Amino acid sequence: MDAPGLYNYWIVIVLMMTGFYVVVSRGNLVKKIVGLNIFQTSVFILYISMGKVSGGTAPILAEGFETYSNPLPHVLILTAIVVGVATTALGCALVVRIKEAYGTVEEDEIQLQDEAS
Amino acid sequence: MIAAHLPALQIVVPLVSAPLCLLLRRGGLAWALALIASWAALACAVLLLQQVIATGPISYHLGGWAPPWGIEYRIDAVNGFVLVIVAAIGAAVMPYARESVAREVPEEQHATFYTALLLCLTGLLGVTITGDAFNLFVFLEISSLSSYVLIALGRDRRALTAAFQYLVMGTIGATFIVIGVGLLYMVTGTLNMLDLAERLPPMAESRTVVAAFAFLTVGAGLKLALFPLHFWLPNAYAYAPSVVTAFLAATATKVSVYILLRFFFTVFGTTYSFELVTLENLLIPLGVIAILVCSTVAIFQTNVKRMLAYSSIAQVGYMVLGIGFASTAGLTATIVHLFNHAMTKGGLFLALGCVVLRLGSAQLESLEGLGRRMPLTMFAFVLGGLSLIGVPLTVGFISKWVLVQAALERGNWFVAAVILLGSLLAIVYIWRVVEVAYFRPAPEGDAAAPIAEAPLSMLIPTWVLIGATIYFGIDTSLTLGVAERAAQHLLGGGA
Numbered sequence: 001m002d003a004p005g006l007y008n009y010w011i012v013i014v015l016m017m018t019g020f021y022v023v024v025s026r027g028n029l030v031k032k033i034v035g036l037n038i039f040q041t042s043v044f045i046l047y048i049s050m051g052k053v054s055g056g057t058a059p060i061l062a063e064g065f066e067t068y069s070n071p072l073p074h075v076l077i078l079t080a081i082v083v084g085v086a087t088t089a090l091g092c093a094l095v096v097r098i099k100e101a102y103g104t105v106e107e108d109e110i111q112l113q114d115e116a117s
Numbered sequence: 118m119i120a121a122h123l124p125a126l127q128i129v130v131p132l133v134s135a136p137l138c139l140l141l142r143r144g145g146l147a148w149a150l151a152l153i154a155s156w157a158a159l160a161c162a163v164l165l166l167q168q169v170i171a172t173g174p175i176s177y178h179l180g181g182w183a184p185p186w187g188i189e190y191r192i193d194a195v196n197g198f199v200l201v202i203v204a205a206i207g208a209a210v211m212p213y214a215r216e217s218v219a220r221e222v223p224e225e226q227h228a229t230f231y232t233a234l235l236l237c238l239t240g241l242l243g244v245t246i247t248g249d250a251f252n253l254f255v256f257l258e259i260s261s262l263s264s265y266v267l268i269a270l271g272r273d274r275r276a277l278t279a280a281f282q283y284l285v286m287g288t289i290g291a292t293f294i295v296i297g298v299g300l301l302y303m304v305t306g307t308l309n310m311l312d313l314a315e316r317l318p319p320m321a322e323s324r325t326v327v328a329a330f331a332f333l334t335v336g337a338g339l340k341l342a343l344f345p346l347h348f349w350l351p352n353a354y355a356y357a358p359s360v361v362t363a364f365l366a367a368t369a370t371k372v373s374v375y376i377l378l379r380f381f382f383t384v385f386g387t388t389y390s391f392e393l394v395t396l397e398n399l400l401i402p403l404g405v406i407a408i409l410v411c412s413t414v415a416i417f418q419t420n421v422k423r424m425l426a427y428s429s430i431a432q433v434g435y436m437v438l439g440i441g442f443a444s445t446a447g448l449t450a451t452i453v454h455l456f457n458h459a460m461t462k463g464g465l466f467l468a469l470g471c472v473v474l475r476l477g478s479a480q481l482e483s484l485e486g487l488g489r490r491m492p493l494t495m496f497a498f499v500l501g502g503l504s505l506i507g508v509p510l511t512v513g514f515i516s517k518w519v520l521v522q523a524a525l526e527r528g529n530w531f532v533a534a535v536i537l538l539g540s541l542l543a544i545v546y547i548w549r550v551v552e553v554a555y556f557r558p559a560p561e562g563d564a565a566a567p568i569a570e571a572p573l574s575m576l577i578p579t580w581v582l583i584g585a586t587i588y589f590g591i592d593t594s595l596t597l598g599v600a601e602r603a604a605q606h607l608l609g610g611g612a
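In order, the protein sequence lines correspond to chains A and B.
Be aware that the first sequence starts at 1, since it is given in the working numbering, and climbs by one per residue.
Be aware that the second sequence starts at 118, since it is given in the working numbering, and climbs by one per residue.
Chain B on its own, in the form it takes in the complex:
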């Protein structure tokens, strides 16, 4: 009985818990509720994915209204997988949040913090699960508005300007998406994605459809921090509280990639996106530039959080490359990289959060000699860094391997070379941190006050994510298998 309503529960549990957190007032209670809600969300997501793999796509009619009139939640291999990614990061970040938030956010704002975090989780899950184009916008705004609040809670006053900048860019992006959805509704009279997909092909030549396509691409590109539209991201990630950075870095851009996938392949269809509009001429160059420019910029950052933020934009470049190839191999690379990068970047930012907890700073020079003082944290950071570079036996290697194969399959040697060059650049910026942390002596004098290892409640989530980057780097049957199914599903073959 209850299993039939899993798709609704997936959203309702965190959505209802959010205002309850606010009513509880006390930070500790709110945290406990948020923890339970996020774990429940993960359980729902895992059960849904299992069900999808066993029996094919699930269609849930909200309130019993049949689509295309009612809102439909539709879960297939693609968004089932993304749901698990988002919910898993949420579940990993929550236990970690307690200590970190206690240090970085004023006491009286704790309940509000967890409310906003849960709303953000709800929004991201909602964007992923829904099969209705306008519903997608509403959930997108739920997650965006709460993430502006979360970023603004950072201690540095620059967090405020970063949040404001993100608010302006994010609102423009979301408004572009509404315009796109509106134009689609104008020509088709429907908002249901599957219904749209059926009605769009006959009017593919219409200029309204082309305009809608352009608005949706740019709008999602803004939320995604696609290369020339990425200016909001580095500051937002650098000055937000550590938990928020880890959560958003691992989930928000992934969900935006999913929006692109959904519109390009399901709604408009591969033929439209890649034969009529020739999207690859746009995506592949942008991906290449993002990888090269942002990896280079990352090398010159003095704040490690900012460095990782630039590296995130470069990683988005890899995902966009995979979409640009529009082949099963390319899409598999993109989808598997969604998972792999979420684990890697989530783990890295959580490790960095442990450092910030003890040092109060993420500046590169303050990390001197930290390899001996916080061995577990720094070792986790190094493993995450290896995965970012793409060393074998880590998940980063798997994504890059599949992506290079996809590039070679299309005979695109240049792009394959760029992917390898991106890895070399990643070695440089990760090495800078390793050098400072392991090969420089700890500062003498007053700054040398004993710095202990981070508390277990923070180390365990960090190591769970870092452990996942190693585990899924060795045993790829699960992630690659699902990603490949999802890619075939998007391209229209099989479930």
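Isolated chain A (complex conformation):
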């Protein structure tokens, strides 16, 4: 049982749950975006970890190296990172607009204002 060898996956789980908890529990919209980012980052690590081949090196052909890590998950996650950046940017833009419209970024205060109107 090489438990320490798989510690990446434990980090993935911890980060995933942390991010998810932040999204669910925080009422502050900016903090929700932070949580969402942590959540997505855990998936990046998941993909990067699965591409690693033990003893493998970066996948660049060179003399004296036989084992290479799998580059495909790394390339895939590059796309997902871009998607994550776009999501964060859009989320932040929405928060700015919400702040302009409501004067607050707290979910409960926004709800109060909506009910009052």
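Worth flagging that the hints you see were computed from the coordinates, not collected in a lab.
All the pointers check out, no bait thrown in.
Keeping only pairs whose Cα atoms sit at most 25 angstroms apart, straight-line, the calculated SDA-like set for lysine to any residue is:
| # | chain 1 | residue 1 | chain 2 | residue 2 |
| --- | --- | --- | --- | --- |
| 1 | A | Lys99 | B | Thr229 |
| 2 | A | Lys31 | B | Phe348 |
| 3 | A | Lys99 | B | Arg272 |
| 4 | A | Lys52 | B | Val327 |
| 5 | A | Lys31 | B | Leu346 |
| 6 | A | Lys99 | B | Gln226 |
| 7 | A | Lys52 | B | Ala328 |
| 8 | A | Lys52 | B | Ser323 |
| 9 | A | Lys99 | B | Glu224 |
| 10 | A | Lys31 | B | Arg274 |
| 11 | A | Lys31 | A | Ala93 |
| 12 | A | Lys52 | A | Ile11 |
| 13 | A | Lys52 | B | Phe332 |
| 14 | A | Lys31 | A | Thr104 |
| 15 | A | Lys99 | B | Asp273 |
| 16 | A | Lys31 | B | Val335 |
| 17 | A | Lys99 | A | Gln111 |
| 18 | A | Lys52 | B | Thr325 |
Remember, it's a predicted structure, so these values are computed and weren't measured experimentally.
Using the hints provided, position chain B relative to the given structure of chain A.
Here is chain B on its own, set in the frame of chain A:
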């Protein structure tokens, strides 16, 4: 020559037109380009479906890279049909958009609006056409990100919070899908759906595969607004601009249903999904609850747009029921309901958009006496409502008929009764609108300023969709025929 590249054109045309819209800057020009692009997309989709029906599934290798290494676009009867649905709604909504958007979106944002709408169309078509699991995620995010933007363009400030809420839920859903795809890649080393389908059965017992299955189901369920995961939908539909509501209501959830179909039946296979994981124990109860709870909630809404949004969640319940039966009849019901509900709900939301154009509101009480002032619009609404209820000679009847048959085939009387009860609840909420619009006098005084019929450019698309709900309710050979083929294909028999 060009016919060989139709699958690529299907995506490339709207994808390239989107940034061009932004470069054109002027709203009118951007609209014209978007119109051409959406009609071209419809032409591609129809040609592809014809080709699939004539010669069987089409496999297109993007950039000439052979699958499973390259990305493959694979069109069979299932996604060929969904492509036509999405493209048809896109093509119907575009001509309508001009007047409606002019009224509901600030002038300087028109070009951006059409860019986002085309990107959303591209994303939805892409999700449907692709045969690669990771490519599906990328297209899903293209469509999701642009739909957040579109919803946030609503006039009400609540549109912003609705878009934000959808962004959070949608991102969690999409991330779940990536996790699922990642786990599948871990055990199989492939992303191509057909390749996955071949390699998965030997490792069906693996816990990683079960986890992947769970993540994919929940992720797609979030995008689908499957019953307990539907909280983002009512606000998003209620406060988005009318065009966006009509477009998303008719396409986005349909594409999510397709994702479920594709993963359950093609990638994991019927045996895995329904014998090892016993998915029907999950889907049928959720479908039943969605129909009963959301139809009831719809009755108590004061905003007609919100009411229709809740009814959409209930309709998703019917589709999920069909998947849960996992029989040819059940799947036929689901697939035909994809088409039928897209036409019905699209038509209803477009009719409502005409009302909003003239009244500036979708509140129930503001509709008083509208049956006489906007007769064509309201009559379209009534016909759409009849289809939602499932009255014979409308498409709604066809879907429910097939679905009830599928339920009885499994001896499930309870579910059949629920489907009928759902129709009764639909009568109640549609009747509330009819009563206000036809049986109450128009308000007196200043509010009684003459309200004219909506412009033709909006009425024609509305009536095209409503006309389709009647036409395909009478002549079912086309829709039912294709749906049945698609269902057999998913279950593994025939093309």
